[in-house]
Amino acid sequence: MRYWQVFWTVSLLVAGTSFAFITLVVTIKGFRDLREMFSSLSQQREDSGE
Amino acid sequence: MNFAVIDWVIVVGYLALSLGVGIIGKRYVGNVTHYLVAGRELGLYVGIATLAATEIGTITYMYNGEFGYIYGFAAFAPALISGLVMIIVGRTGLVISRFRQLKLMTVPEYFEVKYSRGLRILTGVLVAVGGILNMGVFLKIEGEFLTIVSGINVRFLVPVMTAILLLELIYTVLGGMVSVVITDFIQYVLLSVATILVTIYAVAHTGWANILAKITTTMGDVGFNPVTNPGLGVKFLVWQILIWFAVHTCWQTTAMRMFSTKSPETSKKVMTWTGFIFLGRGMLPMLWGIAALTLFGVGTIGKGGVPMPVVNGQTLPAIDAMPAMLAQILGPGVRGVVVAGMLAATMSVNSSYLLGWSAVISQDIILPVRQALGKGPLSSRRQILVNRIANLFVSLFLMFWGLYYTPPGEVYLYLNITGTIFLAGAFASVVGGLYWRRANLAGGYAAMLLGAAGAIIPFFFLKTSENTAGFAAFGLAAVGLVAGSLLWPRQPAPAREGAGEVASTD
Numbered sequence: 095m096r097y098w099q100v101f102w103t104v105s106l107l108v109a110g111t112s113f114a115f116i117t118l119v120v121t122i123k124g125f126r127d128l129r130e131m132f133s134s135l136s137q138q139r140e141d142s143g144e
Numbered sequence: 081m082n083f084a085v086i087d088w089v090i091v092v093g094y095l096a097l098s099l100g101v102g103i104i105g106k107r108y109v110g111n112v113t114h115y116l117v118a119g120r121e122l123g124l125y126v127g128i129a130t131l132a133a134t135e136i137g138t139i140t141y142m143y144n145g146e147f148g149y150i151y152g153f154a155a156f157a158p159a160l161i162s163g164l165v166m167i168i169v170g171r172t173g174l175v176i177s178r179f180r181q182l183k184l185m186t187v188p189e190y191f192e193v194k195y196s197r198g199l200r201i202l203t204g205v206l207v208a209v210g211g212i213l214n215m216g217v218f219l220k221i222e223g224e225f226l227t228i229v230s231g232i233n234v235r236f237l238v239p240v241m242t243a244i245l246l247l248e249l250i251y252t253v254l255g256g257m258v259s260v261v262i263t264d265f266i267q268y269v270l271l272s273v274a275t276i277l278v279t280i281y282a283v284a285h286t287g288w289a290n291i292l293a294k295i296t297t298t299m300g301d302v303g304f305n306p307v308t309n310p311g312l313g314v315k316f317l318v319w320q321i322l323i324w325f326a327v328h329t330c331w332q333t334t335a336m337r338m339f340s341t342k343s344p345e346t347s348k349k350v351m352t353w354t355g356f357i358f359l360g361r362g363m364l365p366m367l368w369g370i371a372a373l374t375l376f377g378v379g380t381i382g383k384g385g386v387p388m389p390v391v392n393g394q395t396l397p398a399i400d401a402m403p404a405m406l407a408q409i410l411g412p413g414v415r416g417v418v419v420a421g422m423l424a425a426t427m428s429v430n431s432s433y434l435l436g437w438s439a440v441i442s443q444d445i446i447l448p449v450r451q452a453l454g455k456g457p458l459s460s461r462r463q464i465l466v467n468r469i470a471n472l473f474v475s476l477f478l479m480f481w482g483l484y485y486t487p488p489g490e491v492y493l494y495l496n497i498t499g500t501i502f503l504a505g506a507f508a509s510v511v512g513g514l515y516w517r518r519a520n521l522a523g524g525y526a527a528m529l530l531g532a533a534g535a536i537i538p539f540f541f542l543k544t545s546e547n548t549a550g551f552a553a554f555g556l557a558a559v560g561l562v563a564g565s566l567l568w569p570r571q572p573a574p575a576r577e578g579a580g581e582v583a584s585t586d
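Those protein sequences? They're chains G and X, same order as listed.
Note that the working numbering has the first sequence beginning at 95, numbered continuously upward.
Note that the working numbering has the second sequence beginning at 81, numbered continuously upward.
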């Protein structure tokens, strides 16, 4: 039981830390992705004459 | 009523923002590729946000909280499996890279590319039935969460959930995947903040030592060890590995994100990094459930030998323990942020699922049936219209079914088994189709039919456990693919290059 306690505690710490870290990175860098997506979609519409 | 004015301001402000931003997406939709896969322009970071937001809803928090309450730390096993399998799929590109290369828009579309139009339609029907039944329980359970945490009268549950569904429907119908991606991004940020806040509050309020002590005294070793836990065990763990490989490769809403990325390489990166989020997606709400057990688990002994939650002198079902805990431990302002976060989670999942299942109904059932009847192809604009109408029908079904149906047993297992109805056969057919040169049409039909029968008959008619039914479904689907392909080897070659190894024609 002791082994499992340690295992799940470490797993939980890894899960919580990576969740928070990736959220931070995605929040900051995601805006740039969205802008690029809008620009590409607008370009696609112009190219197809819609 | 648990809500203060500040909480209402936060929640209403969030809803208005979501709707406004979602409607903006419509201006970028010119054809059906924009509508269903955002013009295949998703970059890495927004891809992670939309994939994570799609698969993290209030329903996710509720069933994981319930699972944690009933099985303790042993419940972490499927969460760990889901994250690790996702990382493996991302690193190897299993299925997802080939799917992206084929420029598909739905999973059943592959079945026409590799096998036949008839099998595509059959798969479309099974995907739609399994997916909509799966989604059918979302609204009621999400409504329970909101009612308990906000404290609004239960008689307002139906109008509140109907209003939320209508808001999602408006921007999903108008802007399709583009609107869904934009709103997913905002919703992902908000739901993540709420997840982190609740985790901190739950552990700080309950105490880590108390949590460990409660599981030790009420469950003993089985509260930590998923292998010896009688409700879980080896059969459950193997089923979980299989179903998570199937979900991450063949689940329509997940696959649509992979189809929407800029390149196969971007798909792999999105999948890999979202795998780390999936660890927290499962474990963190399970921890909330365990904290709720620690605080409220003093009632009569319920399922799995665990005491039922008692809150303010009233015994609740295990699934309601976690939201009852949040109603007590969160203060004004924080409660508003958390409920807005949960609403964000609800809307991101529901809008993506509405789009996913309606895409299957329109692209894989209605349009192929039209073609089979000898009618000409529809213009892109008409296809969007068919998608929008399908979207409305799925929503209507959810309103009438979702608010009144109560699933038997644990919600996590119900969702797994309804997903297995099509995932078992689809996973076997897709993996076989892509990587085994002798896989053919007979094998594909056998896999889909036996996989569905393996899930439906044992669970709904023979009343066996979800673990046995799920295990049987995947086993039968694999046997069906191999046996069907070997026994009837004369089949036509795949229609599109890259669809898979060429089936034997000799």
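Simulated from the structure, these hints should not be mistaken for lab results.
There's no promise every hint is true.
[Claimed, not checked] Here are the simulated DSSO-like cross-link-like pairs (lysine-lysine), alpha carbons at most 30 Å apart as the crow flies:
{"no.": "1", "chain 1": "X", "residue 1": "Lys342", "chain 2": "X", "residue 2": "Lys106"}
{"no.": "2", "chain 1": "X", "residue 1": "Lys455", "chain 2": "X", "residue 2": "Lys183"}
{"no.": "3", "chain 1": "X", "residue 1": "Lys349", "chain 2": "X", "residue 2": "Lys106"}
{"no.": "4", "chain 1": "X", "residue 1": "Lys220", "chain 2": "X", "residue 2": "Lys383"}
{"no.": "5", "chain 1": "X", "residue 1": "Lys220", "chain 2": "X", "residue 2": "Lys342"}
{"no.": "6", "chain 1": "X", "residue 1": "Lys543", "chain 2": "X", "residue 2": "Lys315"}
{"no.": "7", "chain 1": "X", "residue 1": "Lys183", "chain 2": "G", "residue 2": "Lys123"}
{"no.": "8", "chain 1": "X", "residue 1": "Lys383", "chain 2": "X", "residue 2": "Lys183"}
{"no.": "9", "chain 1": "X", "residue 1": "Lys220", "chain 2": "X", "residue 2": "Lys543"}
{"no.": "10", "chain 1": "G", "residue 1": "Lys123", "chain 2": "X", "residue 2": "Lys315"}
{"no.": "11", "chain 1": "X", "residue 1": "Lys342", "chain 2": "G", "residue 2": "Lys123"}
{"no.": "12", "chain 1": "G", "residue 1": "Lys123", "chain 2": "X", "residue 2": "Lys455"}
Because the structure is a prediction, the values reported are computed rather than measured.
- Straight-line alpha-carbon gap lysine 123(G) to lysine 455(X), limit 30 Å: violated, 46 Å
- Query: Taking 30 Å as the top limit, are the C-alpha atoms of lysine 383(X) and lysine 183(X) close enough?
  - Reply: violated, 46 Å
- Task: Could you grab the alpha-carbon distance between lysine 349(X) and lysine 106(X) and see if it respects the 30 Å cut-off?
- Result: With Cα atoms ~28 Å apart, lysine 349(X) and lysine 106(X) stay inside 30 Å; holds.
- Query: Going straight from one Cα to the other, do lysine 220(X) and lysine 383(X) come out at no more than 30 Å?
  - Reply: Holds, because 22 Å separates the two Cα atoms, which is no more than 30 Å.
- Item | Distance restraint between lysine 183(X) and lysine 123(G), which requires alpha-carbon spacing of 30 Å or less | holds, 26 Å
- Item | Holds or violated: lysine 455(X) to lysine 183(X), with C-alpha atoms at most 30 Å apart | At roughly 24 Å apart (the allowed maximum being 30 Å), lysine 183(X) and lysine 455(X) satisfy the hint.
- Message: Does lysine 106(X) sit within 30 Å of lysine 342(X), going by the straight-line distance between their CA atoms?
- Response: holds, 20 Å
- Does the structure keep lysine 543(X) and lysine 315(X) at a Cα separation of 30 Å or less? Holds, because 17 Å separates the two Cα atoms, which is no more than 30 Å.
- Task: Sort out whether lysine 342(X) lies within 30 Å of lysine 220(X), counting only the CA atoms.
- Result: Status violated; Cα separation ~36 Å.
- Task: Quickly compare the C-alpha distance for lysine 220(X) and lysine 543(X) to 30 Å and report which way the hint goes.
- Result: The given pair, whose Cα atoms are some 24 Å apart, holds under the 30 Å limit.
- Query: Taking only the CA atoms, is the gap from lysine 342(X) to lysine 123(G) under or equal to 30 Å?
  - Reply: holds, 16 Å
- Item | Agreement of lysine 123(G) and lysine 315(X) with the hint, judged by alpha carbon distance not exceeding 30 Å | Violated, because 41 Å separates the two Cα atoms, which is more than 30 Å.
When each numbered hint is compared with the structure, violations occur for hints 5, 8, 10, 12.
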